[in-house]
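**Student:** Using the sequences provided together with the hints, build the complete structure.
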Amino acid sequence: MSIAEMANAAAGLAQFSPAPSLLEIGDSFWLSAVLKIAVVLAVFFVVPLVVGYMEHKVMGHQQARLGPMEAGPHGSLQLVADGIKFIQKEDLIPSAADKWVFAIAPGVAMVPAILIFLVLPLGPGIWGVDFELGLFYALAVGSVTTLGILMGGWASANKFSLIGGLRAAAQLIAYELPLILAGIAVALQAGTLSLVGIVEAQSTFFIPGTEINLWYLFPQILGFGIFFIAAMAELARPPFDMPIADSELVFGYMTEYTGIKYAMYMLTEYAGMVSMSALMVVLYLGGWQLLPGVPMPGCGGSGNIFDCNALGVGLGVAVTLGKIMLLTFLMVWARTTYPRLREDQLQRFSWLVLVPLSLLNLAIIAVAKGVF
Amino acid sequence: MTGHDLAFLVVALVTGGGALLTVTSKNLVHAALFLAVTLSGIAGVFLVLAADFVALVQLVVYVGAVAVLFLFGLMLTRAPIGREALDNQNRGLGIAVSGGLFVVLSVLVIGAFGGTTAAEVGGPRVGDIGMVIFNTWVLPFEVLSMLLLAALIGAILLARRETGDSGEEQAPTRIDMGTAPSMEAERMARLEGGDDQAELTAGGDPGPAAGRGEGRA
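Quick mapping for you: the protein sequence lines, in order, are chains A and E.
What the first sequence shows, in my numbering, is residues 1 to 372, in sequence order.
What the second sequence shows, in my numbering, is residues 1 to 217, in sequence order.
Bear in mind the hints are in silico, worked out from the structure with no lab data behind them.
You can take every hint at face value.
The list that follows gives simulated cross-link-like pairs (lysine-lysine, DSS-like), each with its CA atoms no further than 25 Å apart:
{"no.": "1", "chain 1": "A", "residue 1": "K99", "chain 2": "A", "residue 2": "K159"}
{"no.": "2", "chain 1": "A", "residue 1": "K85", "chain 2": "A", "residue 2": "K99"}
{"no.": "3", "chain 1": "A", "residue 1": "K89", "chain 2": "A", "residue 2": "K99"}
{"no.": "4", "chain 1": "A", "residue 1": "K57", "chain 2": "A", "residue 2": "K85"}
{"no.": "5", "chain 1": "E", "residue 1": "K26", "chain 2": "A", "residue 2": "K159"}
{"no.": "6", "chain 1": "E", "residue 1": "K26", "chain 2": "A", "residue 2": "K99"}
**Tutor:** Structural data, given as structure tokens:
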């Protein structure tokens, strides 16, 4: 018996067995893989478009105007029209640019944004894989996007782009720390890093001594606030859009990009909004659970939210998407409400406010976990 | 040849090729980007060896942080990041050091794991890794974190030092903003001192240094 096994036995740790995905087709590895890739790509390309349209309309109405109205009913096809326009545009590369790095950079930014969707549970059984390290995987893969942004900023051979890329790198590194620390607190409380496991842990978490079921939003309201702010900063969304800062830097690292490459950067941002919101839904808002303590119709299993029939699966996906839309709506609301931070305020806010607070949050959760 | 071997071959070629290009490319930023490719390749090697936790740590620490900080440092300082063709003349020394390291590591690794076959390779679970680190290896783990802390303090000391190596007092580098105050505290101090001009922050009235705009590159 090795040391690891002894430690394991002493701690009484159960072996991790991944929850099965409904996207498995029999025993066929390749068919299942193709179906999973199709689902992930469909979510990656469609949901960000819906979020983008929601942003157009919400920003419009909050600023006492209508937003897009011409393309489709109430402008609902505006982003499809934009997409067609981006594809038609000439692919301009500045003559001083480093052509290879310039061309690869949007892809380096976008591919990690796609890969995150592989582990996000969208409903009972609707996930690519239930990876044991799901939460860590999502945060680790997302950190590679920084490299794509920095590459684009440098390769453009433009001082605005370079400054934008530098700001992006400094900002993403600064806000990654509170993001990961807030995530660690959730993993600590749930006792697992698997995203499906975290949803399950929330459906079976009760206030000590009672039978009242709670989502992690309530014990970890501080962590949720930190995660939400840090997520907005990670995505360089206003009021944290210093890397783009259109009044100072033209359009930051995207200044020289046109056509489909520019669209790839934009898609990265909006897909990032969706994946960060989905992570928050999983970590703090009980995943596809309708309300805390309410069993899903047509479902059984642990916490009455697994082993669902078709109704339960459909309802679960709808609930998850609804929560994602709610969180992205909050992000848009923050955008129209707050002015952009200055670079030094931005850095100070992360290192002097968010990091200490997230450490405090972690300490509180660790002590509470030990006591109860 | 199994699929496992094939995956290892692809990852190894990417890693090795990236490493070669890192030392042969003449552009500093390209070298740093190839280094990022090499580091991702090493993450891939860990993945092929079923050590998924180590692979993700490699990705988040080396690709997401170290490589990004490398590039960040290059772009923020006066490093040559343009189109200069750089060449380091220390080829002999470089070959000697890396060759020696290669021989030492090969002997050690083959000596330690030479008899293990691919079928026996299975990564430990993340729970096991945590248990072992915080039970058996907790002292080395804490000592290592002290080492990182020392490096952190050293870096801050170097960055904040205002005296150069020669021991002479050197003024910290300042960005020329004309006579306008460059910091908020300075502006407030001047306002209290009765300087009306201080109402304008940097970018307002260029002051006596007006006209320096022509000299701008």
